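Q: Combine both chains into one complex, guided by the hints.
Quick mapping for you: the protein sequence lines, in order, are chains A and B.
Mapping of the first sequence onto this note's numbering: residues 652 to 887, in sequence order.
Mapping of the second sequence onto this note's numbering: residues 774 to 994, in sequence order.
No wet-lab data here; the hints were simulated from the structure.
Since we're looking at a predicted model, the values are computed, not measured.
Mixed in with the good hints, there may be bad ones.
[To be verified] Some chain A residues close to chain B (C-beta under 8 Å, calculated; not the full set):
#: 1; residue: A779
#: 2; residue: G782
#: 3; residue: A785
#: 4; residue: V790
#: 5; residue: T798
#: 6; residue: W799
#: 7; residue: I806
#: 8; residue: V811
#: 9; residue: I813
#: 10; residue: V814
#: 11; residue: S817
#: 12; residue: V818
Glycine included, each C-beta is placed from N, C-alpha and C at the ideal position.
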Amino acid sequence: MILPRLASPNLAFALVALGVLLLLAGSYYGLFVSPQERYMGDVQRIMYVHVPSAWNALLLFTLAMGCALAYLWRGGWGWDAHHEALLEASAVLSFLLCVQGSIWAKPTWGVWWDWDPRLTTTAVMLLALLGILALRSAVDDPEKRATWSAVATIIAFVDVPIVYFSVRWWNSLHQMQSSPETVSAPFIVPLRLNAFGVLALMGGLALLRARVAARRTAKELGPALPPMPAGAALEA
Amino acid sequence: MNVFRAALYKELLLQWRTRARVLSVVVFGATALLLMSFAIGPDAGALRMHAGGFLWLALLLSSTLTLEASLEAETEQQALEGLLLLPVPPTILFYAKALANTLQLALLGAVLVPVAIVLYGAETARPLALFGLLVLGAAGLAAPGTLYATMTARARAKQTLLPLLLFPLVVPVLIAATKASSLLILGDPMRQLAAWLTLLAAFCGIYWTLCGLMFGLIVED
Numbered sequence: 652m653i654l655p656r657l658a659s660p661n662l663a664f665a666l667v668a669l670g671v672l673l674l675l676a677g678s679y680y681g682l683f684v685s686p687q688e689r690y691m692g693d694v695q696r697i698m699y700v701h702v703p704s705a706w707n708a709l710l711l712f713t714l715a716m717g718c719a720l721a722y723l724w725r726g727g728w729g730w731d732a733h734h735e736a737l738l739e740a741s742a743v744l745s746f747l748l749c750v751q752g753s754i755w756a757k758p759t760w761g762v763w764w765d766w767d768p769r770l771t772t773t774a775v776m777l778l779a780l781l782g783i784l785a786l787r788s789a790v791d792d793p794e795k796r797a798t799w800s801a802v803a804t805i806i807a808f809v810d811v812p813i814v815y816f817s818v819r820w821w822n823s824l825h826q827m828q829s830s831p832e833t834v835s836a837p838f839i840v841p842l843r844l845n846a847f848g849v850l851a852l853m854g855g856l857a858l859l860r861a862r863v864a865a866r867r868t869a870k871e872l873g874p875a876l877p878p879m880p881a882g883a884a885l886e887a
Numbered sequence: 774m775n776v777f778r779a780a781l782y783k784e785l786l787l788q789w790r791t792r793a794r795v796l797s798v799v800v801f802g803a804t805a806l807l808l809m810s811f812a813i814g815p816d817a818g819a820l821r822m823h824a825g826g827f828l829w830l831a832l833l834l835s836s837t838l839t840l841e842a843s844l845e846a847e848t849e850q851q852a853l854e855g856l857l858l859l860p861v862p863p864t865i866l867f868y869a870k871a872l873a874n875t876l877q878l879a880l881l882g883a884v885l886v887p888v889a890i891v892l893y894g895a896e897t898a899r900p901l902a903l904f905g906l907l908v909l910g911a912a913g914l915a916a917p918g919t920l921y922a923t924m925t926a927r928a929r930a931k932q933t934l935l936p937l938l939l940f941p942l943v944v945p946v947l948i949a950a951t952k953a954s955s956l957l958i959l960g961d962p963m964r965q966l967a968a969w970l971t972l973l974a975a976f977c978g979i980y981w982t983l984c985g986l987m988f989g990l991i992v993e994d
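Looking at chain B on its own, in the form it has when it is part of the complex (with noise of 0.2 Å):
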């Protein structure tokens, strides 16, 4: 547990020192936020109808910025071998960095949410549950999408190498997530809220076990 948190520390730390690139990231956000309303006119009500899949769309944009910059800093001067020669198996590095990666997309989330509010009038009445769905989403797509940059850091065309692995594999994500933030937004009749929650919690269930699995053969070879 103790190297876990070390670990955790350390990702959290170089989070925090490249905090002047997170700003730009929140600036991409706001931007595509901004840039889909005009794909549906001014209409205030279509706007509302759609907020939830907005907000999705531009927290998947970004999260490919902030992914392939969490794995930046290990590539440079073999930043990764020299972690892997430290008597810590590759699973918790994964899952440390997965985690720093979540929070970060989350708290992204949780900046971008005002914007939509501003611009789309997606007001909640259960602001906590819909924290509660970003955290959630966030982990959806940290674990798939730390173990794809972990690959594309060192492959050539990591640019768009990272979202043509990733963004297919993320679509339930993308689709539980939408659906649960428009039943958020626009209210819930029908109950359906447990339902994407269950599904969105059963992804993360199979990839945070699986892509944990997986690391090891990825980076010791």
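Extracted from the complex, chain A is given alone in its bound form (with noise of 0.2 Å):
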């Protein structure tokens, strides 16, 4: 098998550079620049993390969803490989998501915890994404783990919008999503600075883990045969 085209390493290191960078900034500014919000004090600056990070953990996996998708739909490794990478990048940003909302949660709300569809639905969705981490791990035939991830990814990205309504008629507490009309100014660099941050940096590493897993596939794949020398089929 040939190594599928993928992105150069220069452009996945330079992307990380640049998410190094945004996030520096959006960080710098975010705990020294931006004001004290008036209610919940300096808590609230966790929300510069906070939300880039939902953002693109939702962000990574609808893009590792569009990836299943091409896979079943026009196969090739590369679309295998990067729905792995941006998985694996999904989950981890869904885990600081739970992380960052409960360190914020606790001084807030007075609970680490709250059965709020917001919250649960990043939990659930958490949990689905490494079940299907750990199903690729399960599974040695590389076409078998591409096919059936995608076909996990794909029932997986459906549920997530059930799991919210279902929770929210369930249960709700979270407060309302703001928007750049309910925030002001200040407030809004850190968050968009953060956010393109975290975007750069994830995908970067997402690209850089892509090679990774493009190179196991092939490893797999083994090398293609040699062309047959004329006559040898008679002698086999």
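A: See the structure below:
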């Protein structure tokens, strides 16, 4: 098998560097420049990493679903490699999202955890992502692994909004989403810097991870057979 | 339609011939129901309030056993590959298997309800509605369960893999079925039952369609 065409590692490293720079700038702005929020105090500043994690966890899961669809529809090991990388990146962000949410919830709501729709949906999404990654690690045949995990990703992706609405009917406490109209400018700058920072960092890491996945699959599928010399077929 | 009937007959025959194993699943479900009461304590009111949730948790835990068993015979001596050689679309095989699993789970639920009544006083004034709910909830578990069991039966660590994949997915089924059963057991003054049944039916509609479409992909490789 020939390695699929993947993005150049230089692009991935550039994205990682850009992400780190944006996160440094956004975090500096968020921690030292933007004013203290009136009601929540300094605890509110966790929003500058929490909200970007949430946006990017969902964005990367959506991209993983796109790769899963593309693999099933068009085939190609590049899609499978990116599918695997994006699943892992989204799982990392979902985990961070749950942790940051708990750290914020304890001083604000007085509890580490609450059965709120977004919180619960994130936890379910994290478990679903871990389940798909476990499935990938438990199947040796690369073709079966790629197809089955693509199917599982599509099924899990369809589940996320259903989980959200069912938990919302079941119980709700989380504050409503903020929008640029409800958040003043000094709060938005670090939020946007960090959102693009997380996107660039995780995007770059996912591109690098996809290269690892593609190389492993190439190794599993074995080298391409050398062309048969003339007359060899009869001897065999 | 004849093909579907034949496939369903084959599934039901298979379940009938392995009925000894079903008994152990019933005992497992009843044990789970018994154990859950120890988490709450001997408060009769609290136990009755949570009876619906206990019933569905016991059914969900037991479902991994029945789903796994329904695929076990197919993986022995490559029976599934043989089945796929027949001029039958894999979708039909899926729907037959999922329907057979639905029936089995609904019956298991119907057997567990009397246990819940004895242990938790979970009587309902509408037993027929409760049985309808059991069928609907079982259908919600069976469609994704059959699809995932088909994958995990041919993977490593299948005992842990199936719950890992299935449990997060069926959270809406668990929520809706638990709420609906509690309303049937405790009464429904606000008329909320229809909303939860609609959610359950919507979940079933989406996953019976989606899993039927996807089944061909995971067996034809």
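Q: Would you mind marking each hint as holding or not holding in the structure?
A: Hint-by-hint comparison with the structure:
{"no.": "1", "hint": "A779", "in the structure": "holds (4 Å)"}
{"no.": "2", "hint": "G782", "in the structure": "holds (4 Å)"}
{"no.": "3", "hint": "A785", "in the structure": "holds (5 Å)"}
{"no.": "4", "hint": "V790", "in the structure": "holds (5 Å)"}
{"no.": "5", "hint": "T798", "in the structure": "holds (6 Å)"}
{"no.": "6", "hint": "W799", "in the structure": "holds (5 Å)"}
{"no.": "7", "hint": "I806", "in the structure": "holds (6 Å)"}
{"no.": "8", "hint": "V811", "in the structure": "violated (10 Å)"}
{"no.": "9", "hint": "I813", "in the structure": "holds (5 Å)"}
{"no.": "10", "hint": "V814", "in the structure": "holds (5 Å)"}
{"no.": "11", "hint": "S817", "in the structure": "holds (4 Å)"}
{"no.": "12", "hint": "V818", "in the structure": "holds (7 Å)"}
Hint violations for this structure: number 8 only, all remaining hints satisfied.
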